[in-house]
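Build out the structure end to end from the sequences listed, making use of the hints.
Take any residue in the sequence shown, count from 1 to its spot, add 2: that is its number in this note's numbering.
No lab work stands behind these hints, which were simulated from the structure alone.
Please note that the accuracy of each hint is not assured.
Between beta-carbon pairs, the in silico distance windows are [what the hints assert, rightly or not]: (1) Pro11 - Thr245: 37 to 47 Å; (2) Gln195 - Pro80: 25 to 35 Å; (3) Asp200 - Arg145: 14 to 24 Å; (4) Glu176 - Arg84: 39 to 49 Å; (5) Pro229 - Val177: 41 to 51 Å; (6) Gly81 - Glu207: 34 to 44 Å; (7) Val159 - Ala78: 21 to 31 Å; (8) Arg40 - Arg120: 47 to 57 Å; (9) Arg59 - Pro96: 34 to 44 Å; (10) Val177 - Tyr157: 29 to 39 Å; (11) Arg131 - Val222: 11 to 21 Å; (12) Val165 - Pro229: 41 to 51 Å; (13) Glu176 - Glu154: 14 to 24 Å.
No farther apart than 25 Å at their CA atoms in a straight line, the calculated lysine to any residue pairs in the SDA-like style are these [said to hold, decoys possible]: (14) Lys79 - Arg40; (15) Lys121 - Glu244; (16) Lys121 - Lys79; (17) Lys121 - Arg153.
Quick caveat, the model's predicted, so the values are computed rather than measured.
A virtual CB, placed ideally from N, CA and C, is assigned to each residue, including glycine.
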Amino acid sequence: MTDECFGHPRLAAIYDPLDPDRSDLDVYAVMAKEFGARRVLDIGCGTGVLALLLADRGIEVVGVDPAGASIDVARAKPGSDRVRWICGDATALPALRVDLATMTANVAQQIVDPQAWRKTLSGVYEALRPGGRLVFETRDPARRAWEEWNREASYGVTEIPGVGSVESWYQLIEVTGPLVTFRSTYVFAADGQVLTSDSTLRFRERQEVEAELVAQGYEVEDVRDAPDRPGREFVFLARRPETGHV
Numbered sequence: 003m004t005d006e007c008f009g010h011p012r013l014a015a016i017y018d019p020l021d022p023d024r025s026d027l028d029v030y031a032v033m034a035k036e037f038g039a040r041r042v043l044d045i046g047c048g049t050g051v052l053a054l055l056l057a058d059r060g061i062e063v064v065g066v067d068p069a070g071a072s073i074d075v076a077r078a079k080p081g082s083d084r085v086r087w088i089c090g091d092a093t094a095l096p097a098l099r100v101d102l103a104t105m106t107a108n109v110a111q112q113i114v115d116p117q118a119w120r121k122t123l124s125g126v127y128e129a130l131r132p133g134g135r136l137v138f139e140t141r142d143p144a145r146r147a148w149e150e151w152n153r154e155a156s157y158g159v160t161e162i163p164g165v166g167s168v169e170s171w172y173q174l175i176e177v178t179g180p181l182v183t184f185r186s187t188y189v190f191a192a193d194g195q196v197l198t199s200d201s202t203l204r205f206r207e208r209q210e211v212e213a214e215l216v217a218q219g220y221e222v223e224d225v226r227d228a229p230d231r232p233g234r235e236f237v238f239l240a241r242r243p244e245t246g247h248v
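This is the structure in structure tokens:
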């Protein structure tokens with residue numbers, strides 16, 4: 003299932019204007035350069051911001067996302083012909099041998115089912131060349147980020163060219179163990195339409211993530227801090243060994 007904010011055409015079309023500051027992606031662009039990556043797999047690529055950023059730097063990019071509406075937005079952007087777009091997920095990829103795979107923002111946490119998470123890590127492993135790396139971020143559960151997810155803290159009004167004024171906010175719905183569900187609400191002033199999107203994220207402990215990576219054959223090279231959100235997130239850097247999965 004795809005959240006409405008990514009899968010509904012009207013919401014996918016305003017995703018970028020509602021979140022214009024994507025400085026969170028800088029760390030991934032820096033790591034692509036750090037590792038000399040020439041082929042990158044962007045999992046959960048959404049509207050293609052990172053994929054196009056990397057393609058602009060001469061990197062061969064494959065962008066994968068299950069939300070067709072978001073892929074459509076990505077394909078309509080300038081330079082999109084330099085990226086290979088796939089509507090799907092990392093559990094059923096074509097044969098690839100990439101240097102780097104990424105899961106930015108909430109992508110890793112949106113894979114809430116444990117079996118789907120294992121299959122995703124396994125699918126990415128197969129897509130990496132020996133020695134290739136997987137980089138992704140996930141929030142530190144100890145920081146309890148969901149406590150700030152309320153209308154008062156998140157309400158905003160955005161003027162979007164060709165669309166008009168859009169009100170938006172988040173509201174926490176439920177916390178059940180490691181699963182946190184919240185609702186995004188969007189109100190379009192042009193016609194009064196109100197659209198909502200419910201999302202569930204899984205907050206995994208650092209040790210849990212590391213154990214699953216090792217179980218799927220990876221070497222955990224490093225766990226870094228997120229430069230744009232210091233102390234709030236883990237950035238995992240895992241590597242497919244040169245010798246293969248035993």
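List in ascending order the numbers of the hints, as given earlier, that are violated by the structure. Checked against the structure, the hints that fail are numbers 5, 8, 9, 10, 12, 16 and 17, while the rest are satisfied.
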